[in-house]
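The primary structure of each chain is shown beneath.
Number of protein chains: 2
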Amino acid sequence: MDSITLAVDAMGGYNAPRDVVAAVAAASRQGSGDVFFLLVGDEVRLSDLLYEFGHNPERISVIHAPHYIGLGEPAQQALERKTDSSLEIACELVANGEADGLVSAGHPGAAILCARKYFQPLPGISRVALASVYPTPRVRGTDRLGLILDVGATLRASAEDLQNFALMGSAYARLVKGLERPRVALLSNSREARIGPPEVVEAYELLREDKRLNFYGNIEGDEIPRGDYDVIVCEGFVGDVALKLLEGTGEAAFELARSAYDKHLAWKTGLKLLSGGLKKLKTAIDFEEYGGAPLLGLDRVVIVAHPKSGKKAIGNSLKLAIKNIRARLPEQIAQDIAGAEIEGE
Amino acid sequence: MDSITLAVDAMGGYNAPRDVVAAVAAASRQGSGDVFFLLVGDEVRLSDLLYEFGHNPERISVIHAPHYIGLGEPAQQALERKTDSSLEIACELVANGEADGLVSAGHPGAAILCARKYFQPLPGISRVALASVYPTPRVRGTDRLGLILDVGATLRASAEDLQNFALMGSAYARLVKGLERPRVALLSNSREARIGPPEVVEAYELLREDKRLNFYGNIEGDEIPRGDYDVIVCEGFVGDVALKLLEGTGEAAFELARSAYDKHLAWKTGLKLLSGGLKKLKTAIDFEEYGGAPLLGLDRVVIVAHPKSGKKAIGNSLKLAIKNIRARLPEQIAQDIAGAEIEGE
Numbered sequence: 156m157d158s159i160t161l162a163v164d165a166m167g168g169y170n171a172p173r174d175v176v177a178a179v180a181a182a183s184r185q186g187s188g189d190v191f192f193l194l195v196g197d198e199v200r201l202s203d204l205l206y207e208f209g210h211n212p213e214r215i216s217v218i219h220a221p222h223y224i225g226l227g228e229p230a231q232q233a234l235e236r237k238t239d240s241s242l243e244i245a246c247e248l249v250a251n252g253e254a255d256g257l258v259s260a261g262h263p264g265a266a267i268l269c270a271r272k273y274f275q276p277l278p279g280i281s282r283v284a285l286a287s288v289y290p291t292p293r294v295r296g297t298d299r300l301g302l303i304l305d306v307g308a309t310l311r312a313s314a315e316d317l318q319n320f321a322l323m324g325s326a327y328a329r330l331v332k333g334l335e336r337p338r339v340a341l342l343s344n345s346r347e348a349r350i351g352p353p354e355v356v357e358a359y360e361l362l363r364e365d366k367r368l369n370f371y372g373n374i375e376g377d378e379i380p381r382g383d384y385d386v387i388v389c390e391g392f393v394g395d396v397a398l399k400l401l402e403g404t405g406e407a408a409f410e411l412a413r414s415a416y417d418k419h420l421a422w423k424t425g426l427k428l429l430s431g432g433l434k435k436l437k438t439a440i441d442f443e444e445y446g447g448a449p450l451l452g453l454d455r456v457v458i459v460a461h462p463k464s465g466k467k468a469i470g471n472s473l474k475l476a477i478k479n480i481r482a483r484l485p486e487q488i489a490q491d492i493a494g495a496e497i498e499g500e
Numbered sequence: 156m157d158s159i160t161l162a163v164d165a166m167g168g169y170n171a172p173r174d175v176v177a178a179v180a181a182a183s184r185q186g187s188g189d190v191f192f193l194l195v196g197d198e199v200r201l202s203d204l205l206y207e208f209g210h211n212p213e214r215i216s217v218i219h220a221p222h223y224i225g226l227g228e229p230a231q232q233a234l235e236r237k238t239d240s241s242l243e244i245a246c247e248l249v250a251n252g253e254a255d256g257l258v259s260a261g262h263p264g265a266a267i268l269c270a271r272k273y274f275q276p277l278p279g280i281s282r283v284a285l286a287s288v289y290p291t292p293r294v295r296g297t298d299r300l301g302l303i304l305d306v307g308a309t310l311r312a313s314a315e316d317l318q319n320f321a322l323m324g325s326a327y328a329r330l331v332k333g334l335e336r337p338r339v340a341l342l343s344n345s346r347e348a349r350i351g352p353p354e355v356v357e358a359y360e361l362l363r364e365d366k367r368l369n370f371y372g373n374i375e376g377d378e379i380p381r382g383d384y385d386v387i388v389c390e391g392f393v394g395d396v397a398l399k400l401l402e403g404t405g406e407a408a409f410e411l412a413r414s415a416y417d418k419h420l421a422w423k424t425g426l427k428l429l430s431g432g433l434k435k436l437k438t439a440i441d442f443e444e445y446g447g448a449p450l451l452g453l454d455r456v457v458i459v460a461h462p463k464s465g466k467k468a469i470g471n472s473l474k475l476a477i478k479n480i481r482a483r484l485p486e487q488i489a490q491d492i493a494g495a496e497i498e499g500e
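If you read the sequences in order, they're chains P and V.
Just remember that the numbering used here sits 155 ahead of the position in the first sequence, which is counted from 1.
Just remember that the numbering used here sits 155 ahead of the position in the second sequence, which is counted from 1.
Incorrect hints may have been included.
For identical chains, the list gives no copy identity; a pair is met inside one copy or between any two copies.
[Unchecked claim] When the alpha-carbon atoms are kept at most 20 Å apart in a straight line, the in silico SDA-like pairs for lysine to any residue are as follows:
| no. | residue 1 | residue 2 |
| --- | --- | --- |
| 1 | 463 | 345 |
| 2 | 466 | 212 |
| 3 | 463 | 350 |
| 4 | 466 | 181 |
| 5 | 463 | 381 |
| 6 | 463 | 346 |
| 7 | 463 | 378 |
| 8 | 272 | 252 |
| 9 | 332 | 382 |
| 10 | 474 | 159 |
| 11 | 478 | 181 |
| 12 | 463 | 377 |
| 13 | 332 | 489 |
| 14 | 463 | 375 |
| 15 | 463 | 347 |
What the hints contain is simulated information worked out from the structure, not anything from laboratory work.
Between the sequences and the hints, there should be enough to build the whole structure, so can you do that?
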């Protein structure tokens with residue numbers, strides 16, 4: 156394959172630009188020598204940071220952007236006012252072919268809006284979806300990660316949007332989990348197909364009749380963490396709430412556990428013996444491990460990293476972007492959507 | 156106060172009628188002697204079960220109902236076909252004043268539909284809400300329970316519905332948590348008031364300007380388990396998913412923990428020492444502890460218990476119903492909604 160060039164919004168996220176530059180600098184010293192990075196942002200600051208961190212100058216170019224979108228700004232207005240933000244210039248680089256994909260840990264809403272402005276929707280796709288992975292107790296395919304989409308790009312989705320999400324998620328799970336026929340489930344308030352908001356009831360019928368999908372039916376919220384399905388489909392509003400709730404529950408459970416365990420000596424000792432295991436468990440449910448969320452439905456690779464991402468999470472987002480570019484993810488999804496029926500199990 | 160009579164749908168739930176009768180039989184031997192129970196269902200079976208369990212016959216009457224609504228039936232059609240189901244006869248008993256409130260662990264959708272048919276909405280309330288409590292790490296008021304509504308009675312809610320849910324939830328939290336000014340938060344996909352589905356953005360303004368509420372603003376899903384707010388307001392679809400996800404996460408975390416801890420001797424020993432603490436933690440996140448969910452917005456007390464409820468959960472639902480009847484919950488909510496502004500902190 157040809158070399159790969161990744162555009163990185165260096166100014167996006169709570170830890171930008173320091174952690175973004177640190178991650179790109181580290182990536183430039185590792186991995187495949189045919190991957191190049193365009194670091195977009197304040198030229199002086201980025202050059203200073205690159206000077207501070209060890210890096211391979213042959214694999215990083217700094218592209219100046221005089222402005223950036225703040226995390227607290229209203230996305231639409233900020234994009235209209237600042238046409239030369241680091242995010243927008245990074246998108247331009249991808250749109251005109253100077254880069255093959257984009258990573259941003261900045262304002263997620265702005266990243267989605269800007270990507271929709273610069274990149275083309277895949278044939279048959281009218282609404283994009285942000286797909287997120289989360290840890291489950293069940294190994295399926297190559298890992299124990301579940302995929303849920305949409306998690307915030309399309310707040311309210313029609314039945315047809317949900318069907319498109321199912322197809323895109325299925326194509327993505329085939330790629331990242333190495334499963335031939337990923338199990339797809341539709342999130343609802345009942346396992347009963349006739350119950351639920353009208354668009355979900357209608358989507359059930361579309362998914363059931365779609366021969367390109369391996370559709371298992373409706374699931375309720377308690378099945379999200381179990382990991383019995385590879386792709387969980389929902390509108391963006393409920394997906395966003397569910398994903399953040401999953402993140403928050405881990406922390407709350409640890410706090411509950413600590414307050415319970417402080418009281419008894421035996422429990423305290425037990426907790427001490429377990430500390431290695433707890434650290435391992437924390438790693439398993441740590442979202443920093445899994446990089447960013449791919450924005451699906453456009454003709455380019457876009458990774459929306461969590462704004463809280465540190466160096467490690469950004470590094471994982473870069474790896475994910477490179478993997479998706481190498482696998483030609485957009486073409487793959489377009490093929491899968493246009494493609495023939497999948498074979499029975 | 157006068158004596159209290161509770162109508163109980165004895166045929167509702169996975170463990171009905173056995174566990175329902177067991178819970179009512181136990182309640183008849185305990186607690187206040189001025190509480191009476193009308194057990195509605197198959198007369199012969201209920202009498203046999205009462206004979207099997209020790210009970211106080213002066214405080215239990217069996218009311219025959221020839222049919223019942225199955226958990227897998229479509230609620231609307233089943234109610235139309237079986238006009239003499241145990242659920243409907245229990246509702247009739249409450250509507251005509253023979254009982255003061257209702258508990259059912261049967262088909263939740265059918266219970267809500269049937270309650271809306273027989274009971275009157277409170278003044279100013281157009282949509283009912285199911286309010287559920289869940290454990291958090293934070294003690295506020297008398298306990299560490301958070302309240303979230305709606306969790307499934309009104310799948311899609313308008314801004315005005317969400318405002319009504321906030322007022323009803325606030326009145327309920329005052330009653331059950333003993334807080335003068337419960338903290339209210341609105342669930343959205345952003346802390347930013349301008350972001351979110353249109354009705355949520357509009358609801359933010361209504362809540363902010365409502366002087367009857369102690370409104371803290373929008374929260375995201377990760378704050379649900381933290382317990383910093385007493386009342387979390389959302390539409391029923393997302394509330395249902397969130398609540399079930401909370402239930403499911405506990406189980407999945409235990410499974411993840413077990414699989415991680417099986418590997419090392421030190422971890423195994425630690426886990427053994429912790430077993431008492433784990434049991435305590437399991438109790439803290441066990442939904443059986445908290446009884447059923449009150450249906451708010453009608454002029455009668457209705458408790459919708461989880462269909463999986465066993466004897467203990469049913470018993471807690473009976474206690475909750477009795478508490479709510481004694482506190483004249485519907486009148487209390489109506490007063491609060493009609494009431495004056497609350498004082499500043």
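Status of the hints after comparison with the structure:
no.	hint	in the structure
1	463 / 345	between (34 Å within a copy, 14 Å between copies)
2	466 / 212	within (19 Å within a copy, 69 Å between copies)
3	463 / 350	between (37 Å within a copy, 19 Å between copies)
4	466 / 181	within (9 Å within a copy, 59 Å between copies)
5	463 / 381	between (26 Å within a copy, 18 Å between copies)
6	463 / 346	between (35 Å within a copy, 15 Å between copies)
7	463 / 378	between (27 Å within a copy, 16 Å between copies)
8	272 / 252	within (15 Å within a copy, 62 Å between copies)
9	332 / 382	within (13 Å within a copy, 35 Å between copies)
10	474 / 159	within (12 Å within a copy, 65 Å between copies)
11	478 / 181	within (17 Å within a copy, 62 Å between copies)
12	463 / 377	between (27 Å within a copy, 14 Å between copies)
13	332 / 489	within (18 Å within a copy, 54 Å between copies)
14	463 / 375	between (29 Å within a copy, 15 Å between copies)
15	463 / 347	between (38 Å within a copy, 16 Å between copies)
Figure legend: structure checked against the earlier numbered hints; every hint is met.
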